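Protein chains in written order, with our numbering: chain S, 1 to 334; chain A, 335 to 640; chain R, 641 to 1068.
Note that these hints are calculated values from the structure, not bench results.
This one's a predicted model, so the numbers in the text were calculated from it and none came from an experiment.
Glycine included, C-beta positions come from ideal geometry on N, C-alpha and C.
A couple of the hints might just be wrong.
[Stated by the list, open to error] Here are the simulated lysine-lysine pairs, DSS-like style, with alpha carbons at most 30 Å apart:
id: 1; chain 1: A; residue 1: Lys466; chain 2: S; residue 2: Lys188
id: 2; chain 1: A; residue 1: Lys474; chain 2: S; residue 2: Lys259
id: 3; chain 1: A; residue 1: Lys370; chain 2: S; residue 2: Lys188
id: 4; chain 1: A; residue 1: Lys358; chain 2: S; residue 2: Lys188
id: 5; chain 1: R; residue 1: Lys780; chain 2: S; residue 2: Lys188
id: 6; chain 1: A; residue 1: Lys421; chain 2: A; residue 2: Lys445
id: 7; chain 1: S; residue 1: Lys188; chain 2: A; residue 2: Lys347
[Said to hold, decoys possible] Just a few of them, taken from the derived set where beta-carbon distance is under 10 Å, the chain S residues facing chain R:
id: 8; residue: Thr87
id: 9; residue: Arg89
id: 10; residue: Ile253
id: 11; residue: Ile295
id: 12; residue: Glu299
[Said to hold, decoys possible] Listed next, the stretches of chain S that the computed footprint assigns to chain R, with coverage defined by at least 3 CB atoms under 8 Å from CB atoms of chain R:
id: 13; stretch: 36-50
id: 14; stretch: 58-66
id: 15; stretch: 115-122
id: 16; stretch: 157-165
id: 17; stretch: 196-209
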Amino acid sequence: MDILDIIGSALKAGLRPETAYISLAAIGLNIHFGYTGLLNFGQAGFMAVGAYGLAIPVFAFEASLWVGLACGITASVIFALLLGYPTLRLRADYLAIVTIAAAEIFRFIVRATGLREITGGSNGINGFSSGFYEANPYTSSVGFELGFLDFNYTAREAWVMTVGWGIVLTGIAFTYFAINSPWGRVLKSVREDEDAVRSLGKNAYSFKMQSLVIGGVFGAIGGMILALAQGSVQPSPVDLGPTRTFLAYAALIIGGTGKLWGPVAGSFIFISLLSFTDTFIRSAQAEGWIDESFIAPNEVGIARFVILGIALMLLMTFRPQGIFGSKREMALDV
Amino acid sequence: MSRSEAPAEIESKPGATKPDPILKVSGLVRQFGGLKAVDVEHLEIERNKITALIGPNGAGKTTFFNLITGFDQPNAGEWTYNGHPMKALGPHQMAKQGMVRTFQLTKSLSKLTVIENMKLGAANQVGESLGKALLPFTWKKQEAEIERRADALLDRFNMSHMRSEFAASLSGGQRKLLEMARALMAEPEIVMLDEPMAGVNPALTQELLGHVKELREEGRTIVFVEHDMDVVRDISDWVVVMAQGQIIAEGTHAEIGANQEVIDAYLGRHHDEEMSSDKAQESGTESFSQSEPDENSGLEKESNDE
Amino acid sequence: MPKLAKNCIAGLALILVLVLSFPIAVLAQSEQAITGTLRVEINEERTPVAGVDISVVQGGEEVGVETTAEDGTFAVTVPGDGAYSVTLNTDSLPEGVTLQADATETLEVRVESGNNKAVIYRLVSGDQGETSAFSDQAGKVARLVSNGVRFGLIMAMCSIGLSLIFGTTQLVNFAHGELVTFGAVMALVLDNGTIPFLVAAALALALAAGFGAANDLVIWRPLRKRGTGLISMMVISIGLSILIRFVILWQVGGDRQAYSKYRIQEGIEIGPLSLTPRDLIAMAISIVVLVAVAYMINKTKFGKAMRAVADNRDLAESSGINVQQVILYVWVLGGLLAGLGGILLGLDQQVRWNMGFDLLLLIFAAVTLGGLGTAYGALVGSLVVGIFIELSTLVVAPELKSVGALMILIIILLVRPQGILGRAERVG
Chain S
1 MDILDIIGSA LKAGLRPETA YISLAAIGLN IHFGYTGLLN FGQAGFMAVG
51 AYGLAIPVFA FEASLWVGLA CGITASVIFA LLLGYPTLRL RADYLAIVTI
101 AAAEIFRFIV RATGLREITG GSNGINGFSS GFYEANPYTS SVGFELGFLD
151 FNYTAREAWV MTVGWGIVLT GIAFTYFAIN SPWGRVLKSV REDEDAVRSL
201 GKNAYSFKMQ SLVIGGVFGA IGGMILALAQ GSVQPSPVDL GPTRTFLAYA
251 ALIIGGTGKL WGPVAGSFIF ISLLSFTDTF IRSAQAEGWI DESFIAPNEV
301 GIARFVILGI ALMLLMTFRP QGIFGSKREM ALDV
Chain A
335 MSRSEAPAEI ESKPGATKPD PILKVSGLVR QFGGLKAVDV EHLEIERNKI
385 TALIGPNGAG KTTFFNLITG FDQPNAGEWT YNGHPMKALG PHQMAKQGMV
435 RTFQLTKSLS KLTVIENMKL GAANQVGESL GKALLPFTWK KQEAEIERRA
485 DALLDRFNMS HMRSEFAASL SGGQRKLLEM ARALMAEPEI VMLDEPMAGV
535 NPALTQELLG HVKELREEGR TIVFVEHDMD VVRDISDWVV VMAQGQIIAE
585 GTHAEIGANQ EVIDAYLGRH HDEEMSSDKA QESGTESFSQ SEPDENSGLE
635 KESNDE
Chain R
641 MPKLAKNCIA GLALILVLVL SFPIAVLAQS EQAITGTLRV EINEERTPVA
691 GVDISVVQGG EEVGVETTAE DGTFAVTVPG DGAYSVTLNT DSLPEGVTLQ
741 ADATETLEVR VESGNNKAVI YRLVSGDQGE TSAFSDQAGK VARLVSNGVR
791 FGLIMAMCSI GLSLIFGTTQ LVNFAHGELV TFGAVMALVL DNGTIPFLVA
841 AALALALAAG FGAANDLVIW RPLRKRGTGL ISMMVISIGL SILIRFVILW
891 QVGGDRQAYS KYRIQEGIEI GPLSLTPRDL IAMAISIVVL VAVAYMINKT
941 KFGKAMRAVA DNRDLAESSG INVQQVILYV WVLGGLLAGL GGILLGLDQQ
991 VRWNMGFDLL LLIFAAVTLG GLGTAYGALV GSLVVGIFIE LSTLVVAPEL
1041 KSVGALMILI IILLVRPQGI LGRAERVG
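With the rest of the complex left out, here is chain S (with noise of 0.2 Å):
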């Protein structure tokens, strides 16, 4: 096993398309959690409604891809303002409560053998994304090596990246205006206390609200690209299930919650970590280091949801703040 080649497919893991789609996602949670306080649960819900949104279009009634996006960040502003209208004038943890049952609900309408014809059922969605890749600029691979250091993306990769990542830098340029703006202020001031926002006569709801449909828009807006990616929508539990939620708030928390680049690096660091146990426990039992009673093959996939777990836990305790946080940030939060 070369630890460097490991190193190396873990920082090429890093820049993949997945790596942009959970930041999308994180940027939506930073807006939520890390801006306004506010505990979104369902962020897979949001990039359910997205991918499904931007997929279903032309699954079923062979409408464009344009006609998809726009359905899929309508759907998701409606589902935000549905789950947003019973909680936000309650107390945090009913918002988490109603967000985490309601991506689950979503997933198994989806799923329902009834809407086969629609959503594909359990099967999902194949083949709404040729005209995405018929648009690709890139005829061959694109990279460069250098060392042990091998950035070559395939020709579909690259296209995915290019599209992904161009949507994200917009992501930061737009949450940057927004947060430096009189209204990022007020966003930043419900998340320490509503009730001083409110009496100085600003609508705090009204607020949550916009909070919230915008961090959905993001969240919807990553899983559209997931769809793309992957050229499929499936209703399983790894591509929209709760634990893709929890990937983007670990992604979002490491790289610390309320910072710009916060969602973007923590993604960075937390897909390159997950690929980097990946492949070096693939590569620990090839050398014959872990026997397979303890962990088998079909087992080595557990891996990054145990870190998962384990990071949230750690990370929230030891530093909410992330891990790039000052000291006076620490004092603070204290």
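Starting from the known structure of chain S, fit chains A and R onto it as the hints suggest.
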């Protein structure tokens, strides 16, 4: 140096009518289980005066404040502000109309700087709508004007040197000052201060009292909750006494001091109350649950005394 | 199905559906499938039944759906060895054809050693089919209500712990479902043939109680001491949930597994209902335990201390109650109840690594409906949710029944956020 500027024609009795009331409350009731926390038959607040709302802990002062500022819903009752009925409005709508409050446990926004705290107070910043927020040229000029006002207020409250500090790093007394200054950014017509002097050291207390008087000079109306009669003496034009949710007396400070009912209900236990409340204040961070033990320790005290 | 069964006359023409194990291996090299052929005897001739939907589910996730071909055959490919449940969608049966009265639409099968698995459905031609005991609507409703009560009682045991923990610590524990799974899985692991199942179950309960205590001692008590905020704690509980869930998956695998005992039992007919002794005993145990818990909360010193802590922690502390100890006992109780719920659920639906997490959604609906923090609320909410989701299958497909739970959740938040039995909160 007791000063009473209240016109002589106002009767010193609960529910007295005033010549120019800015706020009129009638039949206001709030129940928690079987307990009537607030049961105010009638109360008028005179315009451009400093009115003190006093009473022992657990008398319902803060609940009364929460009700008329929209932070809690009454079981019954009406109240008008400048003649407009307020019951159906939310707290932010009331604030927009010019009725701004502060809180007993300060609600400074810890992870925002002092100047950002101040700027939040400003009303009608167009950049607070998302559409305009993304176009800085639509709000930059207004923002500069707001910042100038904020700096002037910070200067007046002797807090300019704290301008860029996080609010979390302020002392309890400084937070009280910040909260009051922030409320003024909203250009309120009536300022409702919930125990502005609690937990503030004596030197700062004098400063705070001075600021409260200035507000009246500017033409504003001030209502503040206080449990310490001595603080009230210096600055209040009118004193309203609450006990067990009801208004038991109204009058100038001198009249209240002579009122036997008030002395029975309140002044006799006054010293103990003050101590228990201060202790609660010191230990109290902004957590929401901690506003309760304050009242409870007060209740406990009462039963101990009996 | 009922509309078809309604016009059943006494008759015969019973039929067998036969199943042929197609040597699919010839077609697909290593692919495994669940296969079969649907036939029904009409006028003494065995006719293939086409256009019927057969779905295969593993661990709550649908593996595939196929429709029977013109010759009545179907083959649903599956990812590999393991336990699957195969469901025949009775709505897709042609007019006049029904399942035989004593047959169920869902079959639990095990695909082994790389082979295909054949399943058999017995169909009858409806005109002459046997009258089913459950054929009429009222009977069906009664059966659903009884299922709902049974499930609701099990859910109540899982919900009460969550609600009490919330009441005493304000923590919404997203890892509560894992307490349920833990109990069920421990019973499964101990039930390895060397000790009787009941002993294994009792040991598992002790472990579940200990696990609840460990949760508090290792994680939550230190976090409370650190002064970690409630929102951070909720995220930590999610992390814990994921960690436990996937460690369990790693250790016991992804299949549904059954306990060695009480797997198959004959039903006892009670009016329109058919309940197995297992169901009856499970319900009896649930009721006894719930009554005991109610007694404990109301009458014992611990119960009073717990209510005092829930009411006002600082006041309880200042009046000499050892708050940390009370919270620890609440966790022990929560772990015990959730573990028992898990074992009963495992007897009913088999044991699976994510059974608790799937249940968590329904638990949330139940405790919100009843009022977060109140034990009776959790009980009432669980029964209502249990019955409601079962009855909802009268109008929606069974796979969508938990959608009803979410609707309950949202409606209750709109109408009465403190729940049926909860108290309105005091502001400020």
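Verdict on chain R covering the stretch 157-165 of chain S, where coverage means 3 or more residues with a C-beta closer than 8 Å: violated (count 0)
30 Å Cα cutoff - pair lysine 188 (chain S), lysine 347 (chain A): violated, 46 Å
Pair hint outcome, lysine 421 (chain A) versus lysine 445 (chain A) [Cα-Cα no greater than 30 Å]: With a Cα-Cα distance of about 33 Å, the restraint between lysine 421 (chain A) and lysine 445 (chain A) is violated, given a limit of 30 Å.
Interface restraint verdict for glutamate 299 (chain S) against chain R (beta-carbon cut-off 10 Å): Check passed: Cβ of glutamate 299 (chain S) comes within 6 Å of chain R, closer than 10 Å.
Given pair status - lysine 188 (chain S), lysine 780 (chain R), alpha carbons within 30 Å: Violated. Lysine 780 (chain R) to lysine 188 (chain S) sits at ~54 Å, over the 30 Å cutoff.
Interface hint outcome for arginine 89 (chain S) [beta carbon to chain R under 10 Å]: holds, 8 Å
30 Å limit on alpha-carbon distance, applied to hinted pair lysine 466 (chain A) and lysine 188 (chain S): It holds: about 18 Å lies between the C-alpha atoms, which stays within 30 Å.
Interface hint for threonine 87 (chain S), Cβ within 10 Å of any Cβ on chain R: Holds. Min distance 6 Å.
Satisfaction of the isoleucine 295 (chain S) interface hint, Cβ to chain R closer than 10 Å: holds, 8 Å
Lysine 370 (chain A) paired with lysine 188 (chain S) [C-alpha distance capped at 30 Å]: Roughly 37 Å between the alpha carbons, so the hint for lysine 370 (chain A) and lysine 188 (chain S) is violated.
Hint status (Cβ of isoleucine 253 (chain S) to nearest Cβ of chain R, threshold 10 Å): holds, 8 Å
Chain R covers the stretch 36-50 of chain S, three or more CB atoms within 8 Å, holds or violated: Since 3 is at least three, the answer is holds.
When the structure is compared with the earlier hints, violations turn up for hints 3, 4, 5, 6, 7, 14, 16, 17 and for no others.
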